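Asker: Each protein sequence line maps, in turn, to chains A and B. No gaps in the numbering here: position 284 of the first sequence is 284 in this note's numbering, and each next residue is one more. With positions in the second sequence counted from 1, the corresponding number in this note's numbering is that position plus 427.
By construction, these hints were calculated from the structure, which means they are not laboratory data. Errors might be hidden in some of the hints.
Taking CB as the label site, the calculated pair distances span [claimed, not checked]:
id, chain 1, residue 1, chain 2, residue 2, range
1, B, Q591, A, W157, 44 to 54 Å
2, B, E450, A, M311, 37 to 47 Å
3, B, E458, A, R220, 45 to 55 Å
4, B, K476, A, R225, 42 to 52 Å
5, B, G592, A, W228, 51 to 61 Å
6, B, G505, A, D140, 19 to 29 Å
7, B, E575, A, S184, 31 to 41 Å
8, B, P579, A, F136, 22 to 32 Å
9, A, G272, B, Q542, 38 to 48 Å
10, B, G592, A, L283, 45 to 55 Å
11, A, V229, B, M583, 29 to 39 Å
12, A, I302, B, K476, 44 to 54 Å
Calculated cross-link-like contacts (lysine to aspartate or glutamate; reagent style EDC-like; alpha-carbon spacing at most 20 Å) [unchecked claim]:
id, chain 1, residue 1, chain 2, residue 2
13, B, K548, A, D140
14, A, K281, B, D540
15, A, K281, B, E450
16, B, K476, B, D540
Remember, it's a predicted structure, so these values are computed and weren't measured experimentally. We put the beta carbon where it would ideally sit given N, CA and C, even for glycine.
The primary structure of each chain is shown beneath.
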Amino acid sequence: MSSPASFLGGAKDRLLPVSIPFRFFATACVFHILAWLVLLAGAESLPGFGGETGLVLAALHLLTLGVLVLTAMGASYQLLPVATLNPLARVWPTRLSFWLIVPGTLLLAGGMVDANTILLYVGAALVAAGLVVFAFLMADNLRRARKAMPIVAAHGWVALAALTGLLSLGLILIADLSGSFLNSRQTISQTHMVIAAFGFMGMLSFGFSHVLIPMFVLSRALPERRSWVQFTSAAIAICFAVAAMVFDNQYLAVAAVVLGFCASVIYFHLMGHAFKTAMRKRLGLSFVMIKLSWGFLMAGLITGFAVALDMGIPNGSTLFGFLIIVGWLLTFLTGIQQRIMPFLASMHTTGKKGIPPLLSELTAEVPLKIHAVCHVVALVFCATGIVTDNTYFVSFGAAAGLAGAIAFAVFAGLVISKLRKKSDQLT
Amino acid sequence: MSFTRRTAQLLHEDHRATLTMVEALEGLIVEAKRTPPDTGNPHVQNILKQTIANISQEIGGHFSFEEDQLFTRLAEFGDEAIGEHLREEHQAMLAIAQQVVDLASTALATGFDNQNWLLFKTFAGELSERMFTHIQKEEMALLPMLEELLDPETDMELAELFSQGQ
Numbered sequence: 001m002s003s004p005a006s007f008l009g010g011a012k013d014r015l016l017p018v019s020i021p022f023r024f025f026a027t028a029c030v031f032h033i034l035a036w037l038v039l040l041a042g043a044e045s046l047p048g049f050g051g052e053t054g055l056v057l058a059a060l061h062l063l064t065l066g067v068l069v070l071t072a073m074g075a076s077y078q079l080l081p082v083a084t085l086n087p088l089a090r091v092w093p094t095r096l097s098f099w100l101i102v103p104g105t106l107l108l109a110g111g112m113v114d115a116n117t118i119l120l121y122v123g124a125a126l127v128a129a130g131l132v133v134f135a136f137l138m139a140d141n142l143r144r145a146r147k148a149m150p151i152v153a154a155h156g157w158v159a160l161a162a163l164t165g166l167l168s169l170g171l172i173l174i175a176d177l178s179g180s181f182l183n184s185r186q187t188i189s190q191t192h193m194v195i196a197a198f199g200f201m202g203m204l205s206f207g208f209s210h211v212l213i214p215m216f217v218l219s220r221a222l223p224e225r226r227s228w229v230q231f232t233s234a235a236i237a238i239c240f241a242v243a244a245m246v247f248d249n250q251y252l253a254v255a256a257v258v259l260g261f262c263a264s265v266i267y268f269h270l271m272g273h274a275f276k277t278a279m280r281k282r283l284g285l286s287f288v289m290i291k292l293s294w295g296f297l298m299a300g301l302i303t304g305f306a307v308a309l310d311m312g313i314p315n316g317s318t319l320f321g322f323l324i325i326v327g328w329l330l331t332f333l334t335g336i337q338q339r340i341m342p343f344l345a346s347m348h349t350t351g352k353k354g355i356p357p358l359l360s361e362l363t364a365e366v367p368l369k370i371h372a373v374c375h376v377v378a379l380v381f382c383a384t385g386i387v388t389d390n391t392y393f394v395s396f397g398a399a400a401g402l403a404g405a406i407a408f409a410v411f412a413g414l415v416i417s418k419l420r421k422k423s424d425q426l427t
Numbered sequence: 428m429s430f431t432r433r434t435a436q437l438l439h440e441d442h443r444a445t446l447t448m449v450e451a452l453e454g455l456i457v458e459a460k461r462t463p464p465d466t467g468n469p470h471v472q473n474i475l476k477q478t479i480a481n482i483s484q485e486i487g488g489h490f491s492f493e494e495d496q497l498f499t500r501l502a503e504f505g506d507e508a509i510g511e512h513l514r515e516e517h518q519a520m521l522a523i524a525q526q527v528v529d530l531a532s533t534a535l536a537t538g539f540d541n542q543n544w545l546l547f548k549t550f551a552g553e554l555s556e557r558m559f560t561h562i563q564k565e566e567m568a569l570l571p572m573l574e575e576l577l578d579p580e581t582d583m584e585l586a587e588l589f590s591q592g593q
């Protein structure tokens, strides 16, 4: 009887033990719940949030490090070796990075609530160590890749460079809490946010889209030249955005948003090409979430443009960050995760007659539908609450987000329990 | 996916035709839900006839070609696992596909009753899910391997054999 994992012909060594990606995904679900819960507790501070310590900063990092980065790590560990045709050099560092970043994120977020320097230093050190392990593993894989998809590798390299930048700025910001040596703390915190959201997470989501979207919809390969134009304009946009922050230059900020807008339009065009040539037309709820996330990316960039031009959107900077981090990145990742988890589970299980079980046997549609509805309600109410400075709207949005996060965790739990039932491989 | 080898192109075209059938079947199931569809409706008749034709004339030939001509060659190149796995999936799908053909033929002759419709929905649903995953695997793994392994002469020979079998 053959293993389902053998289908990629030689790729078995590139398929990690199922416990590796799933521990990241499952823990991200827990952090997803925690993030909305903490935001609910600190709802009144969200509209005017400017990066200061407190519950909103804690919620933000539970979401970014706990959900986005953990999901990105789990997905990268599994997908990068498949894209670059190179297995990871070692598997144990993936576990090490997990055990560093998870407690680190909890301590860091805990320290952010009331600027507790001990928790902040210990948490930051653990998170930094976990991310350094991740960066080394990814860099080593990209370096050894000979037949890699070069466009994915290029996005990966920029994401790693951004990771170095965001990590350095994050550590400087923490050190400044006790030393107060920065002239403009807000500049550094905004640069940290832009590098994290666009440079690291954004480039990873753009890069992996070049592999995942054509694979999910069974489309033709994406046009190479246009892909490089998209990559170049996105990378330059990030450089301009950083320069705009550092030099406090409005023209550079406008240029960064315009270039980011161009990169996104080309990216949508590439994804449109995938949909147009797709053999699979019925794409289900995950693609509703993915397309919705792209809508929020555009809404975020338009808000960013208005903020760069001082057009007077109330709490515009907070709205910009919310639309990008929660609207675009979180929505995109939940869309991808609900597709990937049952797929990976099916690769590690054997159903009746030795063939893999049906994907529908390994997923749970009802919790995903509940999550989708709650997530959209959360986005609309929180965004409205930010603009209108209304705590009730933010609280209602956060409560809806919390309900959605619980539903998503139920989905993940059901996938894992079905995987456990069908296989003894989850160790 | 873009393929330069003729054999890979022909298999890819076949996959596209099969997925069109699969999506039409899914559409029929989604539209009808619990109530059996009216087999007097030309649209329903057309889907059922195309399903029977696709399964009877194309899928069997496609699977046989892969098993007899491709998996054996892959085994010679030292990769037995992929052929073994895909062959097992073929066997499982052919059994389900035969049930779908039988039920669709009966429905075309006498219509769907509640019990037959429930059975048809179950088998057609499983077939479409398995077929999609199977095609995804072949498009992502098997066809790229053919691109790498086949020389132009073997490619032409295989493409001709495939066309004759269809």
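Asker: All hints are to be evaluated individually against the structure, with a verdict given for each.
Answerer: Hints, one by one, checked against the model:
no.	hint	in the structure
1	B/Q591 with A/W157: 44 to 54 Å	holds (48 Å)
2	B/E450 with A/M311: 37 to 47 Å	holds (46 Å)
3	B/E458 with A/R220: 45 to 55 Å	violated (29 Å)
4	B/K476 with A/R225: 42 to 52 Å	holds (44 Å)
5	B/G592 with A/W228: 51 to 61 Å	violated (41 Å)
6	B/G505 with A/D140: 19 to 29 Å	holds (27 Å)
7	B/E575 with A/S184: 31 to 41 Å	violated (55 Å)
8	B/P579 with A/F136: 22 to 32 Å	violated (43 Å)
9	A/G272 with B/Q542: 38 to 48 Å	holds (44 Å)
10	B/G592 with A/L283: 45 to 55 Å	violated (32 Å)
11	A/V229 with B/M583: 29 to 39 Å	holds (37 Å)
12	A/I302 with B/K476: 44 to 54 Å	holds (50 Å)
13	B/K548 with A/D140	violated (49 Å)
14	A/K281 with B/D540	violated (30 Å)
15	A/K281 with B/E450	holds (8 Å)
16	B/K476 with B/D540	holds (18 Å)
When held up to the earlier numbered hints, the structure conflicts with 3, 5, 7, 8, 10, 13, 14 and fits the remainder.
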